[in-house]
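Just so you know, the sequences run in chain order A and B.
The UniProt record's numbering puts the first residue of the first sequence at 1, with every later residue one more than the last.
The UniProt record's numbering puts the first residue of the second sequence at 1, with every later residue one more than the last.
Treat each hint with caution, since some may be false.
Looking from chain A toward chain B, a few residues come up when the C-beta cut is under 10 Å (computed) [claimed, not checked]:
#1 39
#2 42
#3 44
#4 46
#5 100
#6 142
#7 146
#8 284
#9 337
#10 341
#11 363
#12 366
Derived from the structure by calculation, the hints contain no laboratory data.
Because the structure is a prediction, the values reported are computed rather than measured.
Heads up, the beta-carbon is just placed ideally off N, CA and C, and yes, glycines get one too.
Residues per chain are reported as follows:
Protein chains: 2
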Amino acid sequence: MTEAAALDAELATPVSLETVATPALILDVTKVDRNIARLRAHLAKLGTGFRPHVKTSKSIEVARRLFPEGTGPITVSTLAEAEYFAEGGFEDITYAVGLSLDRVARARKLVTKGVRLSVLVDTLEQAQALVAAAGDGGPMPAVLIEIDCDGHRGGVLPDDPDLVAIADVLRNGRVELAGVLTHAGESYNARGGAGLPEAAEGERAAAVAAAEALRAAGHASPVVSVGSTPTAHFAQDLTGVTEVRAGVFSFFDLVMHGIGVCSLDDIAASVLLTVIGHRQEKGWILTDGGWMALSRDRGTQRHPVDQGYGLVCDIDGNPFSDVIVEDASQEHGIIKVRPGSCGVLPKLAIGSRVRVLPNHACATCAQHEAYNVVDGTGRAIIGNWPRMRGW
Amino acid sequence: MTEAAALDAELATPVSLETVATPALILDVTKVDRNIARLRAHLAKLGTGFRPHVKTSKSIEVARRLFPEGTGPITVSTLAEAEYFAEGGFEDITYAVGLSLDRVARARKLVTKGVRLSVLVDTLEQAQALVAAAGDGGPMPAVLIEIDCDGHRGGVLPDDPDLVAIADVLRNGRVELAGVLTHAGESYNARGGAGLPEAAEGERAAAVAAAEALRAAGHASPVVSVGSTPTAHFAQDLTGVTEVRAGVFSFFDLVMHGIGVCSLDDIAASVLLTVIGHRQEKGWILTDGGWMALSRDRGTQRHPVDQGYGLVCDIDGNPFSDVIVEDASQEHGIIKVRPGSCGVLPKLAIGSRVRVLPNHACATCAQHEAYNVVDGTGRAIIGNWPRMRGW
């Protein structure tokens, strides 16, 4: 065997948590399926539809865990996602970020391909731009008007005269109004579940009030769309709501754990790292996982329990209590006992491997090309699922 | 013309800052060249070599601005970078992150391809693993011993007995010791330039002391490598140092501006965004650029001037004073006057475009597929330079 061939052989060992090149993004598909089944059952009980957000996974394979038949309905955060999932067979897509005027042509291109696409507006300018584009008689996406239910971001208030004015502009321009959409972004500021049933009711009430205001002015509003992962799980009554959106629930993360929506054991995504050194005198373990692998997201920084850059687990995903990635440079992570806790630093030899639970799954997964899939029964990697990126 | 053809035509306008799809990463190559020339001149005056770090750009085209002949010497932060730049013709590469034991085979594969590769160790375990691998008589990378000059991360102290012990292990195992390497990571905690000449001298002194200790024990240490962007620019004497490493200097960013290393006008990388809405009553302008486009890096959070998620400029890159991206969700950015400042929110109509200077160029550029290159003379995009990623 030649030297190069020998090296190739050495590099080509069967892939498992012990042999895959680190840092590596790991996804436990058994937990993904469990998280999906849990929310589906809750929404079925409340008798409302489900339009999951795929911006967390950005993966056709993960989206097919939500919809084995692979057609949707789904929610996306970029037109590139809409194009990628349409290419993958999804037919019913809501693009839930305020439409920028120069994206109208790209959106229409999807509609001409047969996608049932809805876009989001919250200003008269956007409605007028859509109407101007529709003037050529060509196909247009349907429109959802964004409603502000908690002052978190964009949207019109349910009693804002602009709501009906936007609907009038669309009708006069023969652009279809599909309904209203809101997102309780402020629910991310809850802790331990406190206030979430109320946030869910506030989200519902704002969306339903907006739909009623449109109907009172003679506009149909077939779609009444609400959702955030926290409110979706704590909603007790969704009367008048036709669909719920949620995204990070399929993977969950330490922010959702701190908000009170999931247990540590529900977190399906983690980053596998290798120990590359020690600084005993400082109580440090050095790993090959810095912010490039974990992301710069410090979403738990203002939580009662600050998880640093992530909570450290053994190679099989069992958390070490109070052991976190306390600091990170581009390709180095420093593991340390959480300051002020009574955690104990585990004995981890150079070359040993750990898994880190992310603060924010959407941000951490976006640092990687693909998911290394495990099923929780062993260390074998049973699949490699690519992610899309870009705009 | 068919409808699809009409849409294609509408989508195929010539690319400029006014027409490129946003969010888009913009790179002003004139500023890159100026930043490179500035540091080259400073190091030439000090009479030392230069081994720039390419982890900021991860781009062959940018690395060729550093080395028009395209062979190096360069520094990389991952083996995937080493493989990518070797593929692109670079022949002299230092992999400046502590070597994880399971990467030895991949590193050797590069050496068999003719790359002059140096790897970093700071423990006896790593040295022993390299020696064990070398037992088969095959080609091995050269080794640099990491020196701790400021307690920032890994490395052995210049007077640590492990320093000579590691060198002895390598010599007995017939693995080449190239020398020593240190990185003054603590220099990133400086503000307004204070303490940087001293940090540079501390970095130099630690590396030279370590090389002297090795030589006193009968080991050659031809390479004495130091560097961080702040210390590289503030070093006044580099006697005994053979090469300086620096990375972010080619692009610069708001963190380097806060540290006192560059002016705002030196920052070569920015993110082009489109205004998608307003919330007048809150003093907000909404854009299509959230943390996915800007990164979650909040490197100026503890600086006297907190730049939020970035400083806002007009489409041509002229900063609006005290106007920042104050909050970001995945695909939304909220522009606001910096709290406590007397800045004035610019009038920006929906559809207008802005450019955002990044806190941390390494992190922000990593969120994008490619650089949209401009030359500072106009709004035309004159090149599209891809980036590599992964490990």
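Status of the hint placing residue 42 (chain A) at chain B (closest C-beta pair under 10 Å): violated (24 Å)
Cut-off 10 Å, beta-carbon criterion: hint that residue 337 (chain A) touches chain B: violated (18 Å)
Proposed interface contact between residue 284 (chain A) and chain B, which counts if any beta carbon pair is under 10 Å: holds (9 Å)
Hint check, residue 44 (chain A) versus chain B [nearest Cβ-Cβ separation less than 10 Å]: violated (28 Å)
Interface hint status, residue 366 (chain A) versus chain B (Cβ within 10 Å): Status holds, d = 6 Å.
Chain B contact restraint on residue 46 (chain A) - CB to CB distance below 10 Å: Interface hint status for residue 46 (chain A): violated (26 Å vs cutoff 10 Å).
When the least beta-carbon distance from residue 341 (chain A) to chain B is tested against 10 Å, hint result: Status violated, d = 23 Å.
Interface hint compliance - residue 39 (chain A) to chain B, C-beta minimum distance less than 10 Å: With Cβ-Cβ at 20 Å, over 10 Å, it is violated.
Cut-off 10 Å, beta-carbon criterion: hint that residue 146 (chain A) touches chain B: holds (9 Å)
Interface hint compliance - residue 100 (chain A) to chain B, C-beta minimum distance less than 10 Å: Constraint on residue 100 (chain A) satisfied, holds at 5 Å.
Interface hint outcome for residue 363 (chain A) [beta carbon to chain B under 10 Å]: Because about 6 Å separates residue 363 (chain A) from the closest Cβ in chain B, which is inside the 10 Å limit, the hint holds.
Hint check: 10 Å Cβ-Cβ cutoff, residue 142 (chain A) to chain B: violated (18 Å)
When the structure is compared with the earlier hints, violations turn up for hints 1, 2, 3, 4, 6, 9 and 10 and for no others.
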